[in-house]
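Trainee: Quick mapping for you: the protein sequence lines, in order, are chains F and A.
Residue 50 in this note's numbering is what sits at position 50 of the first sequence, and the numbering runs on without skipping anything.
Residue 1089 in this note's numbering is what sits at position 89 of the second sequence, and the numbering runs on without skipping anything.
Since the hints were derived computationally from the structure, they do not count as laboratory data.
Incorrect hints may appear among the rest.
Just a few of them, taken from the derived set where beta-carbon distance is under 8 Å, the chain F residues facing chain A [unchecked claim]:
hint : residue
1    : Ser10
2    : Trp12
3    : Ala23
4    : Asp27
5    : Ser48
Pair ranges (Cβ atoms, derived) [said to hold, decoys possible]:
hint : chain 1 : residue 1 : chain 2 : residue 2 : range
6    : F       : Ala41     : A       : Glu1023   : 35 to 41 Å
7    : A       : Ala1035   : F       : Ala70     : 45 to 51 Å
8    : F       : Gln82     : A       : Asp1100   : 41 to 47 Å
9    : A       : Gly1062   : F       : Asp27     : 17 to 23 Å
Everything numeric in this text was worked out from a predicted model, so none of it was measured.
Backbone N, C-alpha and C fix where the C-beta goes; we use that ideal spot for every residue, glycine too.
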Amino acid sequence: MIMMTEEKRSDWFVVGARGRADAEAADELESGLRRAVESSAKVAVDFSALSYISSAGLRAVIQAARAAQAAKVEFVICSLTQPVQKVFDMSGLHQILHVRGELPC
Amino acid sequence: MCHNQAILYETDFFLNGNLSELERLAAEVSHFCAAHSLDGEVEFDLNLVLEELFVNTVRYGGCEGMESSSRVRLRYDSAVEVEFYDRGRPFDPTLVPPADIDAPLDQREGGLGIHLVRQIMSDVKYRRVDEWNHLSMHRRGRNIVADS
């Protein structure tokens, strides 16, 4: 189960994901992230309420990051919980995605 | 195998070839961990590994829509022993080459799921028995230094 949220904070579009980014939720996660990338030049992804992610969820994030890269949209992943951070680390994604500890706004 | 039949797997369940089964998988893993007082990190790891294996059978193994296409058996005896069976096409994940985790974003290939399984589990062994793929593995204990 995943629930996407959207919020504008100054010039940032903050898109949040609450719940579990498993294979069943991956399409919804990708849609929400892509919608943010299409809406703003600066996107911050708030994962503070994301308790779980699998490779399907990671792939959704990668696809959205690719879209952001192509559109020259700033795309930062923020506030990973510790178990989710571990999955990002195991995948090497922390090297190619812009991950930070706190939201930029 | 004779000695396997003597081992009691308290957690033993089938999954149908449908991604909606992921919720039931999560519940079974949660129940198993609670029964053995295993913490959230163990539960997360087991859930992740089993999801990766199961989703691969549905997406690539031909198990989509197949009833009881996968079977999961879990046992705890100082380490968590996992047995995963599926009735999909013959596929040995131990033969998948290592994922290139240093590749830039636009060059990433697949294999991420298997990569994660290998990071978390050790002694992954594959056998094909009748119509079943059979994987056995155990979760690395905390006191074992993982290969980096």
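Trainee: Taking the hints in turn, state whether each one holds.
Mentor: How the hints compare with the structure:
The beta carbon of Ser10 of chain F is not positioned within 8 Å of any beta carbon in chain A (closest approach about 27 Å), and the interface hint is therefore violated. Proximity of Trp12 of chain F to chain A is violated relative to the hint, the smallest CB-CB distance being about 22 Å (cut-off 8 Å). At its closest, the beta carbon of Ala23 of chain F sits 4 Å from a beta carbon of chain A; the interface hint therefore holds under the 8 Å criterion. Checking Asp27 of chain F against chain A by beta carbon gives a least distance of about 10 Å; that is not within 8 Å, so the hint is violated.
Checking Ser48 of chain F against chain A by beta carbon gives a least distance of about 17 Å; that is not within 8 Å, so the hint is violated. For Ala41 of chain F paired with Glu1023 of chain A, a C-beta distance near 37 Å keeps the hint of 35 to 41 Å intact. Taking 45 to 51 Å as the suggested C-beta distance range, the pair Ala1035 of chain A and Ala70 of chain F conforms, at roughly 48 Å. For the pair Gln82 of chain F and Asp1100 of chain A, the beta carbons lie near 26 Å from each other, so the given range of 41 to 47 Å is not met.
At about 21 Å, the beta-carbon gap between Gly1062 of chain A and Asp27 of chain F stays in the expected band of 17 to 23 Å.
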